[in-house]
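There are 2 protein chains.
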Amino acid sequence: MKALVYVTLKPSVLDPQGKAIHHSTELLGFTNLADIRQGKYFEIAFSEGVSESDAQTAAEAIAKDVLANPVIEDYRVEIAQ
Amino acid sequence: MKALVYVTLKPSVLDPQGKAIHHSTELLGFTNLADIRQGKYFEIAFSEGVSESDAQTAAEAIAKDVLANPVIEDYRVEIAQ
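Those sequence lines, one after another, are chains E and C. Mapping the first sequence onto the numbering used here, position 19 (from 1) lands on 21, and the numbers just tick up by one. Mapping the second sequence onto the numbering used here, position 76 (from 1) lands on 78, and the numbers just tick up by one.
Quick caveat, the hints were computed from the structure, so don't treat them as lab data. Note that the structure is predicted; figures quoted are calculated from it, not measured. Watch out, some of these pointers could steer you wrong.
Which copy is meant is left open, because identical chains are indistinguishable; a pair holds if it fits in one copy or across any two.
Simulated crosslink set (EDC-like; lysine to aspartate or glutamate; CA at most 16 Å straight-line) [stated by the list, open to error]:
#	residue 1	residue 2
1	K21	E50
2	K12	E28
3	K21	E80
4	K21	D76
5	K66	E54
6	K4	D76
7	K12	E45
8	K21	E45
9	K12	D56
10	K4	D37
11	K42	E54
12	K4	E45
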């Protein structure tokens, strides 16, 4: 069983790296973009026999305590088979 | 319209950052994890009036040319409303 964790900057937080990527794409001729924002993505693989609810609980705790900074970032956890 | 781009290291490529996170989670008492791998996640917002097929084409090109290094990374593009 796998948990997928998406970590993104809160909408009110500036994203200079995304702005730099947006600028690069404009120089390459992609002029129909409004914005690009960068985030992080994690795949957590659980050992055999871990239940879906245990995986969800553990992944939420890991996302909150280790992967994201809740002051400036939001996170979302999905369970995949 | 938004395109979501997920960039992950190819399975054969070592992920030392993921290994470090895995080690941290073990120290915190999460012992039922097999592996953690880190990737990148991008949200590309398109201007008003861009069609879904144009957005898909542009997002694929940006993912391949700017966001991912196809030698060591895989990418996946999803279109969201």
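Structure-based check of each hint:
In the homo-oligomer, the alpha carbons of K21 and E50 never lie at most 16 Å apart, since the shortest distance is 41 Å inside one protomer and 19 Å across protomers. Taking CA atoms no more than 16 Å apart as the test, K12 paired with E28 passes in neither setting, with 24 Å inside one copy and 28 Å between copies. Proximity of K21 and E80 under a CA criterion of 16 Å is satisfied in neither setting, with 27 Å inside one chain copy and 21 Å between copies. In this assembly of identical chains, the alpha carbons of K21 and D76 never lie at most 16 Å apart, being 19 Å within a copy and 23 Å across copies at closest.
For the identical chains of this complex, K66 and E54 are neighbours neither inside a copy (18 Å) nor across copies (34 Å), given an alpha-carbon limit of 16 Å. When the C-alpha separation of K4 and D76 is checked against a cutoff of 16 Å, the pair qualifies neither within a copy, at 20 Å, nor between copies, at 18 Å. In the homo-oligomer, the alpha carbons of K12 and E45 lie at most 16 Å apart only across protomers (13 Å), although the nearest pairing inside one protomer, at 21 Å, exceeds that limit. Taking the closest pair of Cα atoms, K21 and E45 come within 16 Å of each other only across two copies (12 Å); inside a single copy the shortest separation is 26 Å, beyond that limit.
Taking identical chains as interchangeable, the C-alpha atoms of K12 and D56 are never at most 16 Å apart, the minima being 27 Å within one chain and 28 Å between chains. In this assembly of identical chains, K4 and D37 lie within 16 Å of each other by CA distance solely across copies; the values are 9 Å between and 30 Å within a copy. Proximity of K42 to E54 under the C-alpha cut-off of 16 Å is found in neither arrangement, the shortest distances being 23 Å within a copy and 25 Å between copies. When the C-alpha separation of K4 and E45 is checked against a cutoff of 16 Å, the pair qualifies only within one copy, where the shortest distance is 7 Å, while the shortest distance between copies is 22 Å.
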